[in-house]
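Protein chains: 2
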Amino acid sequence: MIRLDRSFVRKVNAMNVKLINPFINATINVLETMAFVKVDAGRPYVKTDNLAVGDVTGILGLTGVANGTIAVTFEEKCILTIVSNMFGEAMESLNDEIADAVGELTNMISGQARRELEQVGKVFKAAIPSVVIGRNHSIRHYSDGPKIAIPFSTEGGKFTIEVCFER
Amino acid sequence: MIRLDRSFVRKVNAMNVKLINPFINATINVLETMAFVKVDAGRPYVKTDNLAVGDVTGILGLTGVANGTIAVTFEEKCILTIVSNMFGEAMESLNDEIADAVGELTNMISGQARRELEQVGKVFKAAIPSVVIGRNHSIRHYSDGPKIAIPFSTEGGKFTIEVCFER
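Heads up: the protein sequence lines correspond to chains A and B, in order.
Per this note's numbering, the first sequence starts with residue 636, numbered consecutively.
Per this note's numbering, the second sequence starts with residue 636, numbered consecutively.
If you're looking for bench data, these hints aren't it; they were derived computationally from the structure.
Owing to the predicted nature of the structure, the values given are computational and were not obtained by experimental measurement.
Any given hint could be a false lead.
Simulated crosslink set (SDA-like; lysine to any residue; CA at most 25 Å straight-line) [to be verified]:
| # | chain 1 | residue 1 | chain 2 | residue 2 |
| --- | --- | --- | --- | --- |
| 1 | A | K682 | B | L729 |
| 2 | B | K760 | A | N742 |
| 3 | B | K793 | A | S773 |
| 4 | B | K760 | A | G746 |
| 5 | A | K712 | A | N742 |
From chain A, some residues computed to sit far from chain B (all C-beta separations above 12 Å) [to be verified]:
| # | residue |
| --- | --- |
| 6 | I663 |
| 7 | M669 |
| 8 | T692 |
| 9 | N720 |
| 10 | D731 |
| 11 | L740 |
| 12 | R750 |
| 13 | P764 |
| 14 | F800 |
We put the beta carbon where it would ideally sit given N, CA and C, even for glycine.
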């Protein structure tokens with residue numbers, strides 16, 4: 636479990652803080668078990684700009700006790716390494732196979748996080764993932780709720796999870 | 636109402652066909668009333684490639700009687716014209732104001748379509764919109780359901796709505 640500092644907690648409401656750790660746990664677990672990739676979670680922060688740090692993003696809408704969205708944004712080298720590990724063969728470009736793998740990883744991260752949240756009575760439903768491929772694209776979540784970003788690093792490179800729920 | 640030809644109807648199941656017209660009606664209505672832009676809907680088709688024809692996309696997840704996602708993808712010139720009309724001043728680049736306008740348009744199209752669907756007993760909940768900005772990005776919906784694309788044209792350029800629901 637990642638410890639969150641007070642200045643961070645002040646910026647987001649209590650509900651949002653409780654939603655974060657299940658997504659961190661699920662991300663680490665999914666990548667370690669599906670892709671055998673060691674994942675280090677950095678300190679979550681409230682996003683003030685809108686530039687996703689990456690070239691491929693899985694986006695998944697959530698509804699339920701709160702409406703929101705999660706986005707998982709990878710640098711090209713990072714996702715190529717992850718998917719190469721998943722498939723056991725070297726992937727060299729951002730193609731449809733990579734997009735499908737990102738869709739599946741997004742589904743699995745959301746699924747595990749939702750199961751953990753359900754155990755504490757917070758029930759969410761998931762829409763279906765959409766995957767964006769494009770160099771230096773930016774993502775903006777259209778909501779008045781805080782946009783929480785969690786940076787991750789792997790041997791292959793970095794990726795970021797963004798979680799945004801409406802107030 | 637757009638008439639759908641038989642070969643199209645064969646490719647998607649009956650449920651998906653019934654879901655399409657409310658999105659077409661909502662799109663025309665929202666753009667004509669909010670941006671005073673005349674919109675012509677083209678013939679819907681089942682998407683076989685994954686290239687969104689555009690530079691800005693609003694993505695919104697839906698849950699309910701079926702889980703799905705809608706994506707509204709604009710060419711740069713098209714969305715600049717639309718938002719210039721909405722704000723009554725010339726917009727010249729893809730900035731945060733454009734992203735927020737796309738988020739709001741996506742919300743309004745989804746909201747109107749959902750109200751029409753609710754009147755026939757199909758209740759959906761909407762997540763929150765995410766907006767992607769990036770030249771020539773491609774979007775892939777991760778689902779085994781058909782990906783239905785509806786092309787629209789305006790004086791300022793083209794945009795496409797994609798609707799995908801799981802089977």
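Violated hints - listed by number, lowest first: Those not satisfied are hints 8, 10, 11, 13 and 14.
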